[in-house]
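Below, each chain spelled out in residue letters.
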Amino acid sequence: MRSSFFKIFILALIISLLGVLSIYSSTFQKLGAWQNIYMRQMLWLIIGLACFFIFSGINYRKLWDANYFIYAAALFFLFLVFALGIIRLGAQRWLRFAWFNFQPSEFAKLAVIIFLARYFSRKSVNDTSLLSGKFGIFRGIILPFIFVAIPMFLIIEQPDLGSGLMLMLIFVCLLYLTNVRLRYISVFLSLIILPLPFLWNFLHDYQKQRLLVFLNPNIDPLGAGYTIIQSKIAIGSGGFFGRGWLAGTQSQLYFLPESHTDFIFATFSEQWGFLGSCLLILMYYLIIRQGFLIAQRTQDTFGKLLAYGISLLLALQVSINIAMNMGLAPVVGLPLPLMSYGGSSILTTFIALGILVNIDRTRTVF
Amino acid sequence: MERKNILNLIIIITFAVLLIGLLNLDILQGSKFRKLSDSNSIRLISQSGARGNILDRNGEIIVGSKISYDVMILPEEPSHVGYLLSRISHILKIELGQLKAALKKNFISSSVPVVIASNIDLKKAILLGEYRAEEPSIIITPKPLRNYPHGSLAAHVVGYVNQIDRWRLTKLEDYGYKTKDIVGFGGVEEKYDYYLRQEEGGQSVEVNHRGQFMRVLGFQAPTNGRDIQLTLDLKIQKIVEDSMAGRKGSAILMDPQDGQILALASYPNFNPAVFVNNRSSLIAGLINNPDAPLINRSISSSYPPASVFKMIVASAALELKKIDTSTSFLCQGSTMVGARKYSCWDTHGRQNIFQAVAHSCDIFFYRTGLLAGAQNIHDYALKLGLGKNVGFELPYETSGFIPSPLWRKLNKFQSWFDGDTANLAIGQGDCLVTPLQATNMMAVFANGGFLTSPYIVRAVGGLDFSTKKKKLIPVKFKQSTFNTIISGLRKVVSDPEGTGNALSSLPVKVAGKTGTAQVARKATHAWFLGFFPFDKPKFVICIFLEHGGPGHTASVVAKQIIAEMDKQGLI
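Keeping their order, the protein sequence lines are chains A and B.
Residues 355 to 720 (my numbering) make up the first sequence, in order.
Residues 7 to 577 (my numbering) make up the second sequence, in order.
No lab work stands behind these hints, which were simulated from the structure alone.
The beta carbon of each residue, even a glycine, is placed where N, CA and C say it ideally should be.
Incorrect hints may appear among the rest.
Heads up, simulated EDC-like pairs for lysine to aspartate or glutamate below, C-alpha to C-alpha not over 20 Å straight-line [what the hints assert, rightly or not]:
hint, chain 1, residue 1, chain 2, residue 2
1, B, 177, B, 196
2, B, 244, B, 541
3, B, 10, A, 654
4, A, 488, B, 8
5, B, 184, A, 654
A few chain A residues that face chain B, going by a derived Cβ cut-off under 10 Å, partial list only [stated by the list, open to error]:
hint, residue
6, 489
7, 532
8, 649
Stretch-level coverage of chain B by chain A, calculated; a stretch enters the list once three of its residues show a Cβ under 8 Å from a Cβ in chain A [as the list claims (entries may be wrong)]:
hint, stretch
9, 95-101
10, 513-520
Chain B extracted, bound-state conformation (with noise of 0.2 Å):
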């Protein structure tokens, strides 16, 4: 025979089985698939695993699960879920008209088990334990969910989880995310969503035409997520926010020689068990309060970084050798450029750079700034990592801004004049930084030349890579210039004047610069960045305070942070 003809044989023989296979199952099982297909009698009971938990440096618990019981039943007959549901409301303390609602809400089809009461603690799931011997239709399964041991702490790091929105859902159903699923929302749930969650499993169980468990066809284990360990240290963390309590603002403290965030707080903040729980009032709340309790202001917003910046317009002008330690200028408490009056917030007399660092002479640095040159100031404003992203872990990360004269040439088509330099100078205008990137930038001067990295996020799933995240990015400016501004920073605190003074009653020597920014119409925002202990630095805090009032309250939060620290021998 040709070789077509036998294919063409094949192809016949195929189409004639796949007959036969229809003929087989339509006709001879027919009658059997159909009672099959009516009572469907396979049932799936899907059972999920519990999300991973999030660890501080030291192990312990920040969020973790536990488990609850969901109640669901098997609604195959109407007459009969009436009186079920009266039973259960009974046992449970629930009002029928609840379970009731919750019955009609879930209802897909009455062979698929409908959720009716969720969150159900183990006393009372144990006592509807025992009734199921009776009415076997009930499925009582255990649900992991979120728990905070600690309430709010650390509410901004770690953020929420919640029912996944619409948004999400279009951009993470490639990576099998479904529509109810329960994601993480800001904070290392969302960032780490992918790792924390965990896989559904099940079992397959077979029912009799009542809807009746008859036995367990199949079981498949759900799987935990993986656990994800901070650099957060809990004990250092609960200081902060209860040193921040009531005020609004940011503080983060961070390890200045490999960028390890140790504790960062936003105020105010909110409670993440709210989401867990669904309390409707609670979320809206949340998300009308004018305060936005939601947003992480240590990286999400930025502020003027007011005389915080002064450091950056000192190396500048050292670096490029406009002014040396012996260069003075006179303060008499206002300076013209220009044609304009500029004033300091006090009559501070001769000032070289020491002098100047520790009283925050806003004169000083009026005329530094016109030496150095805005474009100058710009650039090493970027070089000490400000007006771009760190490379934060935590989603919503804002850059910060820092003006120049090409910036506003190019967008605005404006101009820069002196008087813009002298604005700029003292780190008011159109400058915005982060917190984190204030606390960065300080952490320069702290280890003596290196730009870290900040990160937060250590080992994932018993992996470590607190080495692969170290990334130390050299400074390189001249020795001579860090030796001048860190002796100044520690005359802000040391020198009697200086006006980080309220700190040199602590038994450990710390060093900073507090900043005043100004607010139209509204009360200053506070600063405090500084570093300790000051021979070999350990810790970079920076204090924030939103509408705070001078940088004299922020400096007084630092000096409760680390009289506390000290008192529980952190340091």
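The shape of chain A in the complex, shown without the other chains (with noise of 0.2 Å):
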């Protein structure tokens, strides 16, 4: 079964090119520093492809003992952050190292999925039945929310709200595959939606104002309005075919704001158009239906969940980024896995690609 390790890998390298070229265009008109980050981009890639060719050679059950230290150093790094913030008096959501940016969050989502994956399929010991099928409210739903909401809390605290959202919702669908009975999910879910009006007045302004600019763009044209604005002004003049490369004039022209990060989209849609990002949002596609089918062959509870768990990662990084993109959802702050600039980003999805790839050969061992 090597095909499913080719088709991911071809993909993901295709995309990620994609990305730099999306990078290098949508910097190449800017001065100084900016120059490069193309570069700085290819490395990272380069630096990526290794860690998934390392992570798709390592058995991953060995993550099912590393999964206590793995989560352990995600909460470390983000307490760290969370102190460096502090002491810094402002927002941060990165570590710095010696010559980058280091971003925790990133890597946490990662921590989190392996750690549910292990908990919903832990065995008892004296028949080979799962466990969490006769979990009752508190260890099928409490316990593990708990160890999901530090992480959480942190990343929300950064303050990193897309991020943040985005462990609650890998819960929620994790959840959703265990054997964990239906009614408590939606118990939970009532529990969590409804005091949402109470936590609004939790959020920082500059949340509040992302929101509210999401239902209506108009009331902020020259803040996060803008960006919604710009952004879909420049997918939309793309057309059927785009504009070509190099052409766009949106996203080089300083008129879209996080053009070679967030809205790196936005950037691609202009210069090749309708069907170049059709293309793109089916090369996306194939890799998580990968990612399902792996799920649904392998046998072995944590391997499937954990198939899972990185492609539904995936899944609603992709689907939620473009939608803010497109203005179909508020402007969150999530990269778009592949493409954005950004080392912790491009790092973390090949590693998950690889313990995905991994999952696929370890199955046919058994």
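Got two chains here, each in a separate frame; can you build the complex from them with the hints?
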């Protein structure tokens, strides 16, 4: 079953090379340090591919053993960001290392998926049935939720609402895929959704602003609304065939902010049009479909949940980011996996894909 | 259906929705967006707030802002731009070539407004504003600029503003600073930049395909920076700077009871306004001037303290009971320390501690210093705040240096000799202090035993911090030690032979100490450190003149300042 390895590898490589092209096109007219960030992205891509090969060769069952260590490391880095944020009097989402900024929230997403996959696939000592089927509401939902809520709180506090809510969504989806009773899940969901209006008061001003602007971009045409308007113009002006590489005006001429990170889809779409964007979305879908297929044919519950989790992470991030670019979702600050500029996101995605491929490869050994 | 199939279906539906959304934007509304993009009809015109003012203790403005105007054009139609520029050049009386050069330099794209002339005054702005009715692609925005109503007064305290440099940008990027931001350099402007900084606001406007203004879509008001109130008293600062003009050195007046700096001057000084107008020839002159006018001599350079240091030697010896008030030494003009002859600047005869301080007799202090020991002198100097940073708010403070036998052994692998102790006892050798440290040391004697933490910023944005900043560290000397030294300091002025006798004619009773620091191959540095009124000290004064001759010259400057303060009723 080497085919899933090659399919995923080829698709991910094509998408991330398109990402490098888009980053180059969005920054080549800007001055100074901007001009070589596509080189940095290439470097990250190479490191990412190396990670992909390494993780596809490591038996994923080792993650079962390393689970607590991974979870603790993710928490440690999130705490470090939290503490440094207090000391340095302001928002920050990254830790500065020698020559790059490390964004622990990306890493935390993967750590939480591994944690949940292990939690819900433990077996009872007496027979080989899954424990999760017998879970009550406490062990089935509340306890794992606490383990998700700690990193989630730290990420939202950074402040990074998008990544925080991403953890929540992953949790709900994985819960749905386990044997935990549907009745519990619906109780839990209603408990989460009902107090939302009260949580509104805890949001930062700019986060409130963004949500309001999503409903009506014209209330803040200078700030967040401006980005949505310009992003829609960029995508729409692409037409059917696009304006061609390096011919986009929106993304290159300062109109579109964040044109190389969160709004890279708009940059891409302006240049390659409806045709290119459809193909891109299709390629993302094919990767995710591969993930689902791998999950379905894996018998080992841990591997199954892990594969579902990784595909869902990818699916959710891709769809929310693209929807945000098209003005269909609020601007929450999520990168587009494999395309957006940023080492932490590229690395995490490639590691996740490496694990996915390994699940399929190891599966046949059983 | 199984749960996994439902989830699979949801994902498929989500992606289908994305494709439909794409279809809607690209195909159904494509032509509309293409048109919007071609003419990209939304323009952002930024408008900046005013940087916070810097006020003196009475609320008088030291540094403020004045409104100037920037002229921008929307260079949409190249053929039209030439005509536009010639008209503008006619109205503003600026050469056409200059405008064209500015346009070329600041041009980003045909849809972004370009600044072609900045710092236009109100009259011309109004003239041009009338012309705007005909040519709506001219945009005039008000821009607050730094204004210095008192010229170069207190220049080193406030610092100056300029475009951010690369080094600062890399440090400050995370705090929202951008290239081409105007930030503070030196002084309060640099240290409190975060508070003084204004926030940008602006308008988004819609223009038609010719780039002509159609309507305002949104407006966000700019925010002004926060005001900062200093402890400086502008009247005293003015008196001090008038007396220092033409000299080189530093002058500080401080309240000894709580450490508020009332005046702080460093000469030669500079006019911060040259950085606002970006007069590059004048700026280059400031930077290349061998006298370094940009350096704040009060905190950023250190000098040998000379005889001023004798107060420390005396305190150490009195505290350690090496001498008392009845101890006396005979001054015959010179003495032998080891095999070398150390001379005094005069022949004083038999001197006790009071006379020795008053006459600044070197022989007495060679002997006292040798009795106290070099390490003890070093320790007492540190107790009185020398040899380490004062912790002052202005940037680029240097810590000075007090040598000690231990330091020399560890760092230079050399031994310490008695001759070095004798040198240290009169404040020469490797010993270095900043004028602010010297002021702070004098304050301990003025307030009777507390080391203050000098501060200069009293309130930020209307919040008064003075109670929080007042930090007094007790210096645990015996009361008799203080009494002895203080009466010695008074004798410096009151004794007819005292080195500071020039100040005795003042109506205010002053106590103090002069100092003459020897420098290799150049004129000596002059020091005067004092406090007044003697009975209830309200001011500590420090005058330091770089290569200013004997200590006497510094005491004359101090006299001028105190006399003028008395005349204006400021004491």
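Among the hints numbered above, which are violated by the structure, and what are their numbers in rising order? 2, 5, 6, 9 and 10
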